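When you get a sec, could you build the whole thing from the sequences and use the hints?
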Amino acid sequence: MSVTTDRLDRANDADQRLGIIDTDIHPYMKTPRDLDPYLSARWRQYLSEYDKFVCGPYAARGTYPRFSPNTCRRDSWPPDGGLPGSDVDFMREQHLDASNIAVGVLEPLLNANIARNHDAAAAFCTAMNEWQKQVFYVPEPRLRASILVPQDDPEAAVKEIQSRAGDPAFVQIQLGSKTSEPLGRKRYWPIFAAAQEANLSIGLHIGGTQSSAPSAGGWPQFYMEDHHMLVHSMQNQAASLVLEGVFERFPDLKVVMIEGGFAWWPNLAWRLDNHWKKMRDEVPLKRPPSEYMRSNLWIATQPVEEPENPEDLRQVFEWIGWDRIVYSSDYPHWDYDDPRTAWRIKLSDEEERMLLRDNALAVYNFG
Amino acid sequence: MLGGAIDCDLHPSVPNLRALHPYMTDHWRDIIVQRGLSELESIAYPANSPLTARPDWRPEGRKPASTLDLVRTQALDPFRIGTAICNCLYGVQLLFSEDMGAGMARALNDWMVAEWLDKEPRLRASIVVPVQNPELAVDEIERLAGDTRFVQVLMLVMGDMPLGKRLYWPIYAAAERHNLPIGIHAGSSYRHPVTPLGWPTYYTEDYAAQAPAFQQALSSLICEGVFSKYPSLKVVLLESGFTWLPAHMWRLTKFWRGLRMEVPWVDRAPADIMRSNVRLTTQPCDAPPDRAIFQRLLDHMGSDELLLFSSDYPHWQFDGDEILPDGLPDGLAKKIMFDNPRATYARLTETV
Amino acid sequence: MPRHVVATTTEIPAGTRKLVTVRGRRIGIFNLNGEYFGLFDRCPHQGGSLCLGLTTGLVEAPEPGTYEYSRRGEILRCPWHGWEFDIRTGQSVTDPESIRARSYQVEVAGGTEVIERKLVAETVPVMVEENYIIVDV
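Residue numbers (the working numbering), protein chains in the order written: chain A, 13 to 379; chain B, 464 to 815; chain C, 9 to 145.
Calculated directly from the structure, the hints in this document are not laboratory data. Just so you know, these numbers come straight off a predicted model, no measurement behind them. Hints should not be assumed to be uniformly reliable.
Claimed, not checked - Simulated crosslink set (DSS-like; lysine-lysine; CA at most 30 Å straight-line): (1) B/Lys797 <-> A/Lys289; (2) A/Lys64 <-> A/Lys145; (3) A/Lys290 <-> B/Lys797; (4) A/Lys171 <-> A/Lys145; (5) A/Lys198 <-> A/Lys64; (6) A/Lys171 <-> A/Lys64; (7) B/Lys582 <-> B/Lys798; (8) B/Lys797 <-> B/Lys582; (9) B/Lys798 <-> B/Lys692; (10) B/Lys526 <-> A/Lys289; (11) A/Lys290 <-> B/Lys526; (12) A/Lys145 <-> A/Lys42.
This is how it looks when you write it as structure tokens:
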């Protein structure tokens, strides 16, 4: 199946609503053994004995307890059982159809790309990629998969990218906002080279594999702080990608920053430009940092900023650039954004089309 | 420009550790000599990096801002500064030895009194505290609080733990007791890499990463309930930039609406707490290139009481005499240069 | 305002709720220890189905590190973003004056009274020996 502007327009004609592209939907497994069909005997055995051996304190969950089970909307648990995001029929009914989603990009956050055992990570990523395709894309082609890669083993990561390139089930390469090192570092460049060559964008989703302190000032006490720090890690990644010259070396590389907020973008652009002017002998970019942000970075809307004066949001969108912003729901997570109610400002028809659909079409290759 | 302004962030520099020898106990002086310790400059400001000192503020053969004469002729006189608060950045908080840190902080503060405050009536200073050990930090505050030329307690934005943690509260209690704001300056004790992703390639990235570090520190102070426990405490963010503040206010307030059960002592919107208890200095201002955008951004902050004038001398944040961010309305400039600093630093209006 | 009979009291025991639809509007009827309250099933924030949320108590703190937990079962958290609302008033916990869920007046009447007052009972069969929950919509 191919999704083009024409097809989306037909969806629009059909029910007078815009066929929306949602860049952030989280799939879950029905059982912890759902990867087994896609794993070799060795890695099935490993998974059953050691599970996903992550960087962090707990075996079966994240470091900070959330404020809802599985980090999910309380109304997203499928009536027939299983975790939210694990039942395609219910996802279709509750989200895809209800919100007129024409394409949804899957963002598994299930520790396939662990940063400790790199061989396990490579096997898990391959398996989870196949799982996304068979369990979600095949029955519901509106759902498109992310290519998960073992980013700490770039050679294996490139192999995985090359094996998926050209398959319409896969529309981006997923990386996390918390990596073992800042993503602009040269160790990651083979991944960017492969992405550019395959014309696949990078979906840089908050979270990730690294679990040293979530702030440069140490471990906070509360989940509320940790949740917020994910936003900061995205700022650090944006600065790294730009300043370390990734976009100079890979000018066609597209990076979508997902679930990291966006109102910080203008400030980061101004700050980088102002200081780069003084220290450009250290950072030999040809253009000011803000220009790379405007040419190679995109931002996904969720969790949307909620200024005290709603109209301030319009200015933030303008300062970032309307063409840089794509819609994301984060379904089925608790901080989900509804495309109809997430922003309290009235968008023009053109602005709405850009945010909900057209900008994403410029980034992703839906085949 | 309006003469007599209050500069809330000026950095006299310690020529070298030897300059502090007269202010050390015999024990610490002998120990550091025996161990070959001659310098405590932090990597936050490499001596010759452009940011560390403006090109025209680099004297031949001496450290920038290392003598009173330099500070007078390059900052106080040309900018017609009425009062300047000295925030001395010297790596005493970076030492792992808590006792050595306390010994060095003590020497640094006494050096500040003897070499600067006693000689130049326009100067005030922050008490540098050994944050490695909050008990020793409180001792240092108590030792110096009687001297009203000390107007603030100085900490660095990145330490062992986020700054709101209860371990640090004795410092905040002492500060509130003595009417001293807590000044949080850019910089790190380097207990952790400078980004939560590890060490970046470039110094420029380190400096850019200070802004999210300030955002984290501010979240921590609010979520941990520092301002609920110490409602009259003022926190001043120094060399933090400020154009990130509206985005940060909005987001913390948004998360608070859904997660406040975790921090029930936060009984007001975080944005309101920031407006009542937090202040930020004007350099670096990380301003947008467009004046109209800058005006809108000031509106987004929702208060004209948040900003405090600063030069950040000798750091290279502006050229010529463009010490004020371009595009500040006149009325706001006056507030930033006089009224807001006086409202923040109670001790500035007390007679010395 | 027309009054609608939406349920019998036995259908909503203390500590439970029932979602009813009246004139096209979904309304959650909550029983707090024998007192009944009605809330519009739409969160004023982003429109989540508020009445599917978890009920909890009110967590307050006279100072950091203390937790006073009261009014168990009387606070409703939206299933989406966790905003808290007072079931008695519809007021939000973080901003009671400006952010509130729409609330409806709920009363209890016996079957005889329902028949005598000719209240609207489209979906609930009325019998004299039952007690009924009536919502003003």
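Checked hints:
About 29 Å separates the Cα atoms of B/Lys797 and A/Lys289, which keeps this hinted pair within 30 Å; it holds. At most 30 Å may separate the alpha-carbon atoms for a hinted pair to count; A/Lys64 and A/Lys145 meet this at roughly 21 Å. Restraint check for A/Lys290 and B/Lys797: satisfied, since their Cα atoms lie roughly 29 Å apart, inside the 30 Å limit. Proposed proximity of A/Lys171 and A/Lys145 is supported: the alpha carbons are some 18 Å apart, at most 30 Å.
Among the hinted pairs, A/Lys198 with A/Lys64 is consistent with the structure: their alpha-carbon atoms are about 27 Å apart, no more than 30 Å. Restraint check for A/Lys171 and A/Lys64: satisfied, since their Cα atoms lie roughly 21 Å apart, inside the 30 Å limit. With a C-alpha separation of about 29 Å, the suggested pairing of B/Lys582 with B/Lys798 holds against the 30 Å cut-off. Taken as a hint, the B/Lys797 and B/Lys582 pair is honoured in the structure, with Cα atoms around 28 Å apart against an allowance of 30 Å.
Distance check on the hinted pair: B/Lys798 and B/Lys692 sit about 29 Å apart at the alpha-carbon level, within 30 Å; holds. With a CA separation close to 23 Å, the supplied pair B/Lys526 and A/Lys289 stays within the 30 Å bound. Between A/Lys290 and B/Lys526, the direct Cα distance comes to roughly 20 Å. Compliance with the 30 Å bound is thereby established for this hinted pair. At most 30 Å may separate the alpha-carbon atoms for a hinted pair to count; A/Lys145 and A/Lys42 meet this at roughly 15 Å.
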